[in-house]
Amino acid sequence: HNNTPKPLKMRVSALALLLSAASTSAFSPAITGRSSAVSSTAIFGSKAAVKKASRSKWSEARGFEDGVAAASKAEAGLMTNADGLEYVKLVHENGSSSEIYLLGGDVTSYIDGEGIEYIAVRPDAKMDGSKPISGGLSHCFPQFGPGEIQQHGFARNVDWAVKSQDDTSVVLELAPSDYTKEMWDKEFLCTFTVSLEADQLKTSLVVDNKGEEAFDFQAALHSYFTVSALENLEISGSFEGKEFLNKLAGDGGEMQTEDRSAITIGEEYDRVYSGVNDPVLNDKGTGKSLAVLNTAGWEDTVLWNPYGDVGMGFDNFVCVESVKFDPLTLAGGESWTGDMALKPSDL
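Taking the numbering used here, the leading residue of the sequence shown gets 1323, the next gets one more, and so forth.
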């Protein structure tokens, strides 16, 4: 090192003097007892952070903000929204993601690897826990619609517990509480599993009768799906020739026969299609198709839209619900499973 020019040596010595002066200055108590290892770690840590920030700035400038680059930044895990409600975020390595709120065990988001959102939450939804979330794959249990207990039962307005989770799946559980027993004193257990795969979002609801006495129940996923505009939407499936209950016709509803092979919505809808469970949403506005794959338990489809209600955002969603409409009797020790997956594709 004898080749070092004298001015540099002087600068190094001056820096050493400055550092030694700083260590005996009035600020020294603040770092007393911290090992040099900790300080150097902090320095290298901040260097790494600067490097990382500059790398992400470089990526953003070149349009790598979406897709795989975004997936590496998105974190999975238990989160809290701005209003204090907890939700689980699932993230797949291909950039797709999903969000599931503990309130109601409600899946409120499914974004595919291209960044397209398929699940809708209404603009008038309360996300602070003051009422059930108006949107998502909302649970109706143990009752669908009006009946002996409150509308659509209680599963959508109580907190579900997280039993297990990883980056791409979560298992939620709903067990009886004092609140549910006041309405429906049955020994049930609901387990809801959500799994994010590369090309689809899978859900499975299992209802167990943990007691000895049989009970009757209905169940549904009151699913809200995004629509670019209702005029762009067709819902295909085995609708043609099927009888359905049009709840808005006559006094309290009437049975009608569907003569269309694809459904378009140009008026208020509340229709129960018994025995139809293969709906596909085709949206020419996005160029995307979403298949609702009801592979077990969900036998019926309900179509609902509050046509004309701007406050509810009627033109940007449709409810295509996976339903077990006729009450099911579950004997002691038995279980029922409803499996439904959402699979997007290009039109």
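Any given hint could turn out to be false.
Subject to a maximum C-alpha distance of 27 Å in a straight line, what follows is the list of computed DSS-like cross-link-like pairs (lysine-lysine) [said to hold, decoys possible]:
{"hint": "1", "residue 1": "Lys-1564", "residue 2": "Lys-1606"}
{"hint": "2", "residue 1": "Lys-1485", "residue 2": "Lys-1508"}
{"hint": "3", "residue 1": "Lys-1665", "residue 2": "Lys-1606"}
{"hint": "4", "residue 1": "Lys-1508", "residue 2": "Lys-1453"}
{"hint": "5", "residue 1": "Lys-1569", "residue 2": "Lys-1453"}
{"hint": "6", "residue 1": "Lys-1411", "residue 2": "Lys-1665"}
{"hint": "7", "residue 1": "Lys-1610", "residue 2": "Lys-1665"}
{"hint": "8", "residue 1": "Lys-1524", "residue 2": "Lys-1606"}
{"hint": "9", "residue 1": "Lys-1569", "residue 2": "Lys-1411"}
{"hint": "10", "residue 1": "Lys-1606", "residue 2": "Lys-1532"}
{"hint": "11", "residue 1": "Lys-1411", "residue 2": "Lys-1508"}
{"hint": "12", "residue 1": "Lys-1411", "residue 2": "Lys-1564"}
{"hint": "13", "residue 1": "Lys-1448", "residue 2": "Lys-1411"}
{"hint": "14", "residue 1": "Lys-1564", "residue 2": "Lys-1503"}
{"hint": "15", "residue 1": "Lys-1503", "residue 2": "Lys-1532"}
{"hint": "16", "residue 1": "Lys-1485", "residue 2": "Lys-1524"}
{"hint": "17", "residue 1": "Lys-1448", "residue 2": "Lys-1485"}
{"hint": "18", "residue 1": "Lys-1453", "residue 2": "Lys-1485"}
{"hint": "19", "residue 1": "Lys-1569", "residue 2": "Lys-1503"}
{"hint": "20", "residue 1": "Lys-1448", "residue 2": "Lys-1503"}
{"hint": "21", "residue 1": "Lys-1665", "residue 2": "Lys-1485"}
{"hint": "22", "residue 1": "Lys-1524", "residue 2": "Lys-1503"}
{"hint": "23", "residue 1": "Lys-1532", "residue 2": "Lys-1448"}
{"hint": "24", "residue 1": "Lys-1532", "residue 2": "Lys-1508"}
Worth flagging that the hints you see were computed from the coordinates, not collected in a lab.
Looking at the structure, which of the earlier hints fail to hold?
9, 10, 11, 12, 14, 19, 22, 23
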